[in-house]
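Sequences and hints are given; from them, build the entire structure.
Protein sequence lines, in the order shown, are assigned to chains A and B.
Mapping of the first sequence onto this note's numbering: residues 1 to 222, in sequence order.
Mapping of the second sequence onto this note's numbering: residues 1 to 222, in sequence order.
Since no wrong hints were added, every one of them can be taken at face value.
What follows is a list of derived Cβ distance ranges for each label pair:
1. A:Lys105 / B:Val181: 40 to 50 Å
2. B:Pro150 / A:Glu15: 53 to 63 Å
3. B:Ala176 / A:Ala100: 33 to 43 Å
4. B:Val9 / A:Thr77: 53 to 63 Å
5. B:Ala60 / A:Glu65: 24 to 34 Å
Please keep in mind that the hints were generated in silico from the structure rather than gathered at the bench.
Predicted model, so just to flag it, every value in this text is computed and none were measured.
All C-beta atoms, glycine included, are put in the ideal place defined by N, C-alpha and C.
Listed below, chain by chain, are the residues.
Protein chains: 2
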Amino acid sequence: MPAPFDYGVLEISDEELARERATYGALADAVRRLAETSLRTTVPDDVIEQARERIDEVTALLAAETVPGPLGVQLTTGGGVRDYGNAVVGLRNPVAPPLAVVQDKETGSASAEFELNALYEGPPGCVHGGVAALLLDQLCGEAAAAGGHPGMTGTLSLRYVRPTPLGRLSATARLARVEGVKAIVEGELRDTDGQVTVTCEGVFILPRWARELIDQAPPKYE
Amino acid sequence: MPAPFDYGVLEISDEELARERATYGALADAVRRLAETSLRTTVPDDVIEQARERIDEVTALLAAETVPGPLGVQLTTGGGVRDYGNAVVGLRNPVAPPLAVVQDKETGSASAEFELNALYEGPPGCVHGGVAALLLDQLCGEAAAAGGHPGMTGTLSLRYVRPTPLGRLSATARLARVEGVKAIVEGELRDTDGQVTVTCEGVFILPRWARELIDQAPPKYE
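Following this line, the structure appears as structure tokens:
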């Protein structure tokens, strides 16, 4: 495993980033469509078998050259964050819906509108309770960062008010207050009609080792 | 959206279930391998473009016949649960690792050993905090059910003790106590070395409408 917070800084031009986003984004979108279709298909077994073989061929094609492990996170020379592999927002990660989170530094908040399909089901027709937790954890972390208090999740408490039907949803989170090294964030998930279905409170903390690292060598990207 | 707890009972033979599991399981595994490889590939853009076109062709093949919406959950005449679409344990769901959860009705507990790869990353090299929440929510729900108190998540509180490196992991949960309609479950996630990385407490409740339904018409599957 890489050292914690070993984010590195990547020298990359805006043009190259745009090219990456277009190429890799289209590939991940294609895999997402395949994943959802493969979940819901009722074609005959011989067609499934044929599809499986063709999928294995494409996997072999892409496996010819890969990075050795997980993608990690890089800070770009342009001041951005390259988190293509993130399980919630990762452009290249077919497991991620992905969420396009909008951070507001003025208010220390983060929000996203998105669609969850059959891949995110728990109870029949509804979003898995754990998926709601997954998305809200990311939203809360981004709200803490937007408010100037980035950190890792220390605690996260969720309250499920009502079931969340699959479909168009939205989520918001905001930095509520700061107590010493703790950033307290509140958030909620809303259904298509705008009704709150899940609320949460998270405490985000920059661990001591990270604070010490920053004290010793302030990040170049600030 | 289907009515809550509209699980239905599916007449299906053990042989047919075994065939489904083999066919659909192999398809989902192939899509999982493709998803992880597509995330980590560094092949040239023209090869990515070629892969994308071939993926779209396979998607079209599988899209010829599909169920109209999410898979839902069915109870089988053999007494099992057919939850192929579940985002954590779903055999057919490429987003699910999937977890093979073992329920112990004697102790009211549930456990799973599994591997999380690059698709589940948050901080560099580590499991996304929200993914830990996703998996623990499912484990806790299954522990409540194993203990004779099935329900939906009412609240879930997580404490992140230390980062969880990607790799071989395990999770356990157990019904701690019952207070009226509330089943209180405790669980934890452990890293490869068996160290606890995340702990949680969840309250699982069978909603009033579900209790009323069961009072009016006890499920045939009991």
